[in-house]
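> Fit chains B, C and D to the given chain A structure using the hints.
Residue strings, one per chain:
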Amino acid sequence: MNPSMSHVLGMVSTGGSSSSSAQQEYLLVGSIMDAASDSLLLRLKALCDNVEIPETFRDHEMVFILRGQNQQAMLRARRSVNPPSSSWQLRYIGQPDVSDKSRMVTVRSYHDCATSKNLPNFLDEIGFKLDYEFVAEGHMFRKGRLKITVSKLYKFSQPGLPESPLDVMTQSQLVELSVVAPSGSENVPEDMRLFAEQLKPLVIVDKLHI
Amino acid sequence: MATALENANLLSRAILTTQKLRISVSKTFNHMKDGIKVSQDEHGAPKSFASQLQEDLFLINESFIELEKLTMAVRRQREAETIGNTGALSMDPVTDKTPLYPKALETYKWATRLREHSAHSQAFLNNSSIKRSSGSGGSPAKRRKTAPTNLNISTQAVDNLVMNVNRQFHDVKITKIQLNPTVLQVYVSRTLQAIIVLRGLLIERVLIRAHHENTLNDDGTLDLWTASKYEVFQKITEHATAASLRYYLPTMQDLSFRSFMHWLNSFSKLFSTPCRLCGKYIKDNLPPTWRCFRTVEPYHECCRP
Amino acid sequence: MGVTCVTQWPVTENRTVPQAVEVLTKRLDALGASKSGNFGVDCETYQSVPTNVPLKYIHVMHNKEQPYTCYAVTDNRTCLVCENSFEAIMHRLNGFYVPKKTARIESKGTRYEMGDFIIKIGIVSLGPHARGVLVEVEYTPCVIIQDCWPLMVEFMQGFMGAQYTPNTHPMLANKQEVPFNAEDTVFQYLEQFENFVKRGSSTATVR
Amino acid sequence: MQNQDKVLDNSLDYILSRVNDLKKALTDLLMKLEHHHETLNWPSVLNSFALLSGQINTLNRHLKSDKTPVLKNLIILPLKLSQDRDEELEKVTEGRVASFNHDVVPNYLRTKPEPESEEREQVLAKDAAQLSPEVAKKQIDNLNRLSTHLLSMLASQRETWDPDSSKLNITTSSPSDTNMLVGAVNMGRGFKRGMVQQPMSNMGAQMARQGDQHAPVGKIPSGIRTNIKSGGGHFNR
Numbered sequence: 001m002n003p004s005m006s007h008v009l010g011m012v013s014t015g016g017s018s019s020s021s022a023q024q025e026y027l028l029v030g031s032i033m034d035a036a037s038d039s040l041l042l043r044l045k046a047l048c049d050n051v052e053i054p055e056t057f058r059d060h061e062m063v064f065i066l067r068g069q070n071q072q073a074m075l076r077a078r079r080s081v082n083p084p085s086s087s088w089q090l091r092y093i094g095q096p097d098v099s100d101k102s103r104m105v106t107v108r109s110y111h112d113c114a115t116s117k118n119l120p121n122f123l124d125e126i127g128f129k130l131d132y133e134f135v136a137e138g139h140m141f142r143k144g145r146l147k148i149t150v151s152k153l154y155k156f157s158q159p160g161l162p163e164s165p166l167d168v169m170t171q172s173q174l175v176e177l178s179v180v181a182p183s184g185s186e187n188v189p190e191d192m193r194l195f196a197e198q199l200k201p202l203v204i205v206d207k208l209h210i
Numbered sequence: 001m002a003t004a005l006e007n008a009n010l011l012s013r014a015i016l017t018t019q020k021l022r023i024s025v026s027k028t029f030n031h032m033k034d035g036i037k038v039s040q041d042e043h044g045a046p047k048s049f050a051s052q053l054q055e056d057l058f059l060i061n062e063s064f065i066e067l068e069k070l071t072m073a074v075r076r077q078r079e080a081e082t083i084g085n086t087g088a089l090s091m092d093p094v095t096d097k098t099p100l101y102p103k104a105l106e107t108y109k110w111a112t113r114l115r116e117h118s119a120h121s122q123a124f125l126n127n128s129s130i131k132r133s134s135g136s137g138g139s140p141a142k143r144r145k146t147a148p149t150n151l152n153i154s155t156q157a158v159d160n161l162v163m164n165v166n167r168q169f170h171d172v173k174i175t176k177i178q179l180n181p182t183v184l185q186v187y188v189s190r191t192l193q194a195i196i197v198l199r200g201l202l203i204e205r206v207l208i209r210a211h212h213e214n215t216l217n218d219d220g221t222l223d224l225w226t227a228s229k230y231e232v233f234q235k236i237t238e239h240a241t242a243a244s245l246r247y248y249l250p251t252m253q254d255l256s257f258r259s260f261m262h263w264l265n266s267f268s269k270l271f272s273t274p275c276r277l278c279g280k281y282i283k284d285n286l287p288p289t290w291r292c293f294r295t296v297e298p299y300h301e302c303c304r305p
Numbered sequence: 001m002g003v004t005c006v007t008q009w010p011v012t013e014n015r016t017v018p019q020a021v022e023v024l025t026k027r028l029d030a031l032g033a034s035k036s037g038n039f040g041v042d043c044e045t046y047q048s049v050p051t052n053v054p055l056k057y058i059h060v061m062h063n064k065e066q067p068y069t070c071y072a073v074t075d076n077r078t079c080l081v082c083e084n085s086f087e088a089i090m091h092r093l094n095g096f097y098v099p100k101k102t103a104r105i106e107s108k109g110t111r112y113e114m115g116d117f118i119i120k121i122g123i124v125s126l127g128p129h130a131r132g133v134l135v136e137v138e139y140t141p142c143v144i145i146q147d148c149w150p151l152m153v154e155f156m157q158g159f160m161g162a163q164y165t166p167n168t169h170p171m172l173a174n175k176q177e178v179p180f181n182a183e184d185t186v187f188q189y190l191e192q193f194e195n196f197v198k199r200g201s202s203t204a205t206v207r
Numbered sequence: 001m002q003n004q005d006k007v008l009d010n011s012l013d014y015i016l017s018r019v020n021d022l023k024k025a026l027t028d029l030l031m032k033l034e035h036h037h038e039t040l041n042w043p044s045v046l047n048s049f050a051l052l053s054g055q056i057n058t059l060n061r062h063l064k065s066d067k068t069p070v071l072k073n074l075i076i077l078p079l080k081l082s083q084d085r086d087e088e089l090e091k092v093t094e095g096r097v098a099s100f101n102h103d104v105v106p107n108y109l110r111t112k113p114e115p116e117s118e119e120r121e122q123v124l125a126k127d128a129a130q131l132s133p134e135v136a137k138k139q140i141d142n143l144n145r146l147s148t149h150l151l152s153m154l155a156s157q158r159e160t161w162d163p164d165s166s167k168l169n170i171t172t173s174s175p176s177d178t179n180m181l182v183g184a185v186n187m188g189r190g191f192k193r194g195m196v197q198q199p200m201s202n203m204g205a206q207m208a209r210q211g212d213q214h215a216p217v218g219k220i221p222s223g224i225r226t227n228i229k230s231g232g233g234h235f236n237r
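Protein chains in written order, with UniProt numbering: chain A, 1 to 210; chain B, 1 to 305; chain C, 1 to 207; chain D, 1 to 237.
Extracted from the complex, chain A is given alone in its bound form:
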C-alpha cells in the first residue's frame, strides 16, 4: 500500500464529493477509555496512512436547530479552535437509514461544505437556534477513504467561549470510523468492517444505537 498515493486518492475523492449530490456517510462508533487510548493510537499509527504527520485537532462544534410546526432541521457548524481557523464547516447529517437491518454499518445522508466565518450569524438570521455545543479534541487518521477519529469531548462551563475552561464529558474517548461516499457504494461497509476487526479487542465499533 502506497501511503502517498492513497493520500492523493483520498483527496481526489473528497474533492469530487462536492459536485455529486447524493452523498452518504457510512459510520461505526465506539469508545476507548483514556487509559487505553495510547495503545489504540499506536495501533492506528501502524494501520493508517498518515503516520508521519499525526493529525490532531481541537474543534468547536455548534449544533443548530430550526423548529417548524411539526418538523425540525438540524445543521452542525464546526471550526478548528487550535490551530484557530477562519473558516467553518457546515454539515447536514440525516437520520440513520434503518431500511436495511442487515447492514453492518450505519448509513445516513451527509452533506458538508466549507463556509466563511460568519456561519453562526448566518444560521441565526435564517431562523436557526443554537441547540448545544461542545469541543472535540483528538486525533484523526486516514486509511484510504476511511477516516478514523479518536476524540475527547468537552462541554462548556461558559456558553460560547471555546477558550474558557472546559469540563470533561467522560473518562472515555469517542472513536468514529467513517467514510463519505456516493450512495450505493457497496464495498464500503465491508472495508470498514475489516478495519474495525483490526481494532478489536481494544475497541468494538458498532452501528449507532440512539
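Hints are supplied without guarantee of correctness; some may be wrong.
Claimed, not checked - One side of the interface only, derived from the structure: several residues of chain D facing chain A at Cβ under 7 Å:
(1) W42
(2) T178
(3) A184
(4) G188
Claimed, not checked - Straight-line Cα separation of at most 30 Å, DSSO-like style, residue types lysine-lysine; simulated pairs:
(5) A/K207 with D/K192
(6) B/K229 with C/K108
(7) A/K117 with C/K64
Think of the hints as simulated: they come from the structure by calculation, not from any bench.
Quick reminder that beta carbons are idealized off the backbone N, C-alpha and C, glycines included.
Showing chains B, C and D alone in chain A's frame:
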C-alpha cells in the same frame, strides 16, 4: 533498585563468561581440526595432543561452571520480583516509553516512500537524459566569491536606515524579511509593495507588486523573481529599476536609498492622482506610472516631459 | 480580486437587447480589448415556508469567476461564502425553505480584458426572457475602492460614453476603507437583479 | 408367513452387524485407554465417544423404525438348561458364556429390572410426585445459586492461576460510555443546560426523523411510542 543493579552486574559478567566460553570452545575445535602444532609449554617441553585437549576441556569446563553459577544467581534475583509484570513488558508496547516503536514505523513508511519516489524520478531522469553542464553547479560558488567586500555594511546600519525611513514617510512601511543578502519589503500605502534587494545600502534589484500579491512561493521560500501579474506594476517595476540607477550614488549610499524611497513614496496615491500633463487618470489602460525624478510629479509614460 | 463596479447599460426604445450589447462590444473591440472567455452570475432565491419560519429569503448566488464557490445572502445582506455543496444542504431544508418559482435570474455574456481591466457584458435573463444588460468593470491591481473610484469612472466613461455616470458605488458610502472582496461584487449583482425583478413584476401587473 | 420370517431374519442380521460395530468401537476405546493412556490426547478420546454415540444412535433408530418387526412381540423360550460346557455357545459369545445354565439365563433373558431396583425407583418417583412445585422451585434456585457461586469462585481463582490471560482482558472500552458519547454528539445529551429542556428537544428530534423520511401518516404512532420511551429513559437517568 539495588537488586536491579546487582542483577545487571551479574548479567554483564555472565555475558563476559559466555564470551570466554565461546572462545575456549572454538579454540578447542581449532586445535582438534588443525592438529597441534609443535608448541612448547612454559618449561619448553613439547606438549602432547592429549594434554593440550585436556587443558582446553578444563578451561571450557571452568567457564561453564562459572556461567552456570551466574545464571543461578541471576534467576534467584528475578524471582524476587514479580515475573508477571516483566512478562507484560514485552507484550504491551505502551509501557515501552522509548519512542522506538513509532520511530520505526515512521522510518518504515519513509523508506517505502523514498523508494517509490526514487523509482519515479529515476524513470523520469532516464527519459530525459540530458547531461547537465558541470559549470552550472559551480557558478553560485563563483558568484559568492565575487561578492563585494568593500560594500559590507553592518546590519546595524541597515536597521537604522530602515527605522529612519519608516519614521520619515508615513505611508511607507519597511520590514526586513531576509538578512543575507538583505531583502526589504516595502509597503507603500495600500497601493503596492516593493521587494528590494540591497547590496550594502545600494539597491541591487527592485520588484514592484500589488499590495495583495504574494511575497512567498508556495513552499514558503522568498519569491524574488516572479514579476507582478498586473501591467501597472510591471511598468512601475521598470521605472523603479530605472530610478534605482538614477539615484545610484556609491559614495553616498545613505542618500541614494533615501532619495529612492522618496521617489517610491510618491506612488502612495497611484490610482487617485491624475497625470500632471493630460489631467487624465488613464492612458493605455494604465494610470500615471512615471514619476519625475526631481519633483516626483505623476505622468503617464508618454506624457513625461 | 480587484475592485468591481456593476452598472446597468440602458436598452433604449429603438434597440433590442442583443443590439445594445453589440454597441458595447464594438466599442470594446475598437479600444483593443481582447476576449477572454465567458462569464455568468446567477441567483436563485429561496423563500421560507410561512408555517415554519417567518417570511425570509435566501439568495443563493454563483459567480463563474469563482466556480467552486457559492454565496448565500440573507435579507440583512449577511453573505455566507461557501462551497457549492451548500445547495445540497439547502435542498435538505425543503420543509423550511423552497426555491421561489421563476426566480432564477442570471447575467451571462462575454468577458473582455484590457490591460488590468476586466469588462464583462452580460445579458440579464429572468426565466426565458432577456431583461436588460449589465456591465461589470473590474480594476484588478487595486483593492480599495476609495483609491481608484475616479479612475474607474473615467475608464467606464471611456467606452460607455462621456455623458455616462455610474451610480455612486455602495461601497463608497462605507467610511472604513476595507479591501474589496468577492462578496461585494455579488452584492452589486444582487442589487441589480432585485431591481430587474421589481421592474419585471411591475410591468407584468400592468399587462 | 415365510415373508415375515425373512424380514425378521434380515432385521436381526442388521442389528447384529450394528452391535458388532459397536462392540468393536468399544474394544478400540478400551484398548486405547489401556495401552496408550500415556500418549492419549483429549481430541482422540472425544472422537471415539462421538463414534460410539453415532453407532448407538443408528442402532436406536433402526429399532424404532416402522420397518423393523416388533421384537417385543417375539418370545424366547429356553427349552433346555444344562450345566455342561457348550462349545458352540462359547465360540459365539467369544468365551464369555461357557454354558447355558441356571446362573446366567435369568440375567440374559431378563425383560424387567430386578425387583429391588424397581422398588427403589418407585420410591424415588413417589418422592418426586409428593414434592410441591414451590419447594421444587426453591430447590432448583438453590442449586442454581450454588452453581453460579461455584462458577464465580472458579473464575476468580482462574485469574490467580493465569495472570497473563487476566491482564489481556483489561476492559479498554465501555459500552455505557459509548452510548453516552454518541448521545452527546448526536442529540446533545449532557451538553444542554437545564434538565427540563431535554425531553422536549428529544421529542423534536423524533419529529425531525419523521419529517426526514417522509414517513406515511400510519407510522406516526410508532414514532410517538419510541419517543415516550426515550423520554422516560431520560427521567430515569
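> All hints are to be evaluated individually against the structure, with a verdict given for each.
Cross-check of the supplied hints:
no.: 1; hint: W42; verdict: 27 Å, violated
no.: 2; hint: T178; verdict: 4 Å, holds
no.: 3; hint: A184; verdict: 6 Å, holds
no.: 4; hint: G188; verdict: 3 Å, holds
no.: 5; hint: A/K207 with D/K192; verdict: 24 Å, holds
no.: 6; hint: B/K229 with C/K108; verdict: 26 Å, holds
no.: 7; hint: A/K117 with C/K64; verdict: 22 Å, holds
Of the numbered hints listed earlier, the single one contradicted by the structure is hint 1.
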